[in-house]
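Protein chains in written order, with this note's numbering: chain A, 1 to 112; chain B, 1 to 115.
There's no promise every hint is true.
[To be verified] Stretch-level coverage of chain B by chain A, calculated; a stretch enters the list once three of its residues show a Cβ under 8 Å from a Cβ in chain A: (1) 85-91; (2) 102-108.
[Said to hold, decoys possible] If the Cβ cut is set under 10 Å, some of the chain A residues that face chain B in the computed set are: (3) Pro8; (4) Gly16; (5) Leu40; (6) Gln81; (7) Phe89.
[Stated by the list, open to error] Under 8 Å between C-beta atoms, here's a sample of chain A residues computed to sit facing chain B: (8) Tyr32; (9) Arg43; (10) Leu46; (11) Ser52; (12) Asn53; (13) Gly55; (14) Arg99; (15) Leu100; (16) Phe102; (17) Lys104; (18) Gly105.
It is worth saying that the hints were derived from the structure and are not from the lab. Bear in mind that the values here come from a model prediction, so they are computed numbers and not experimental data. In this text, a Cβ means the ideal position worked out from N, Cα and C, and glycines have one as well.
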Amino acid sequence: GENVEQHPSTLSVQEGDSAVIKCTYSDSASNYFPWYKQELGKRPQLIIDIRSNVGEKKDQRIAVTLNKTAKHFSLHITETQPEDSAVYFCAASIGGNNRLAFGKGNQVVVIP
Amino acid sequence: NAGVTQTPKFQVLKTGQSMTLQCAQDMNHEYMSWYRQDPGMGLRLIHYSVGAGITDQGEVPNGYNVSRSTTEDFPLRLLSAAPSQTSVYFCASSYSTTMNTGELFFGEGSRLTVL
């Protein structure tokens, strides 16, 4: 099946602390794992992605780690700021036909 | 470049009415798709297309039709609207090929209410 699950559903952090969101997927053929950020009333936008031949990728304050054996990948946000408050969606490619299956999203709230 | 353009942004329908959500992209992307977003349900794939003349069903295709006559356009048709189709609809495109999945670029969304 094409199942992508995210935990926790809501995460509150103090400004300056780190936030970690974990996703699990079920399709062993998945090879592309993006994270999207959606601010209230806006469209989802890609913030970072990782492919199956890489274990970790960083871009300034955000990083993604991938464990293909365990079929999970995580988003790490360091030194959180109020503008990091949003819904974050993970996704995984399905088989070899370009589709992405999305998780249900995590609401991240950064408390000033 | 305008990116992905969706129209209309808002629409109210009565049960049984039909309508078309328009989507156009100017990035020469082969891959286009439609998602619906409902509270607590994430983004669910309705239909997708890997190129002009090719369409396929996603996770929740019932009640919707699509066509892809050109690379640029990918309209979504609601055949007979039902209250369960009240949702926010996103069109998205990508440079993805069969061998290389890539970033999805989303439109601004269309909020549809079916009474």
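Item to check | Per-stretch coverage check for the stretch 102-108 of chain B, three Cβ contacts closer than 8 Å to chain A | outcome: Coverage by chain A holds here, the residue count being 6 at a Cβ distance below 8 Å.
Item to check | Agreement of hint Pro8 of chain A with chain B interface, Cβ distance less than 10 Å | outcome: Pro8 of chain A check fails; min Cβ-Cβ to chain B is 14 Å, beyond 10 Å.
Checklist entry - Is the shortest C-beta separation between Phe102 of chain A and chain B less than 8 Å? => result The hint holds - Phe102 of chain A has a Cβ within 8 Å of chain B, the shortest such distance being about 4 Å.
Next on the checklist: Please check whether Gly55 of chain A passes as an interface residue: C-beta within 8 Å of a C-beta belonging to chain B.
Outcome noted: Status violated, d = 18 Å.
Next on the checklist: Quick check on the hint: Leu46 of chain A CB to chain B CB, less than 8 Å?
Outcome noted: At 5 Å from the nearest chain B Cβ, Leu46 of chain A passes the 8 Å test, so the hint holds.
Item to check | Interface hint compliance - Gly16 of chain A to chain B, C-beta minimum distance less than 10 Å | outcome: violated (29 Å)
Checklist entry - Quick one, is the Tyr32 of chain A hint okay against chain B at 8 Å, beta carbons? => result Nearest chain B Cβ about 4 Å off; hint holds.
Next on the checklist: Would the hint on Lys104 of chain A be counted as holding, given a Cβ-Cβ threshold of 8 Å to chain B?
Outcome noted: This hint holds: Lys104 of chain A lies near chain B, its Cβ roughly 4 Å from the closest one there, short of 8 Å.
Next on the checklist: Min Cβ distance, Phe89 of chain A to chain B: is it shorter than 10 Å?
Outcome noted: holds (6 Å)
Checklist entry - Going by Cβ atoms only, is Arg99 of chain A closer than 8 Å to chain B? => result It holds, given that the least Cβ distance between Arg99 of chain A and chain B is near 6 Å, below 8 Å.
Checklist entry - Given Arg43 of chain A as an interface hint, is the shortest Cβ-Cβ distance to chain B below 8 Å? => result holds (4 Å)
Next on the checklist: Under 8 Å between beta-carbons, do enough residues of the stretch 85-91 of chain B, three at least, approach chain A for the coverage claim to hold?
Outcome noted: As far as the stretch 85-91 of chain B goes, the hint is violated, because 1 residues have Cβ atoms under 8 Å from chain A.
Figure legend: structure checked against the earlier numbered hints; hints not met, in rising order: 1, 3, 4, 5, 6, 11, 12, 13.
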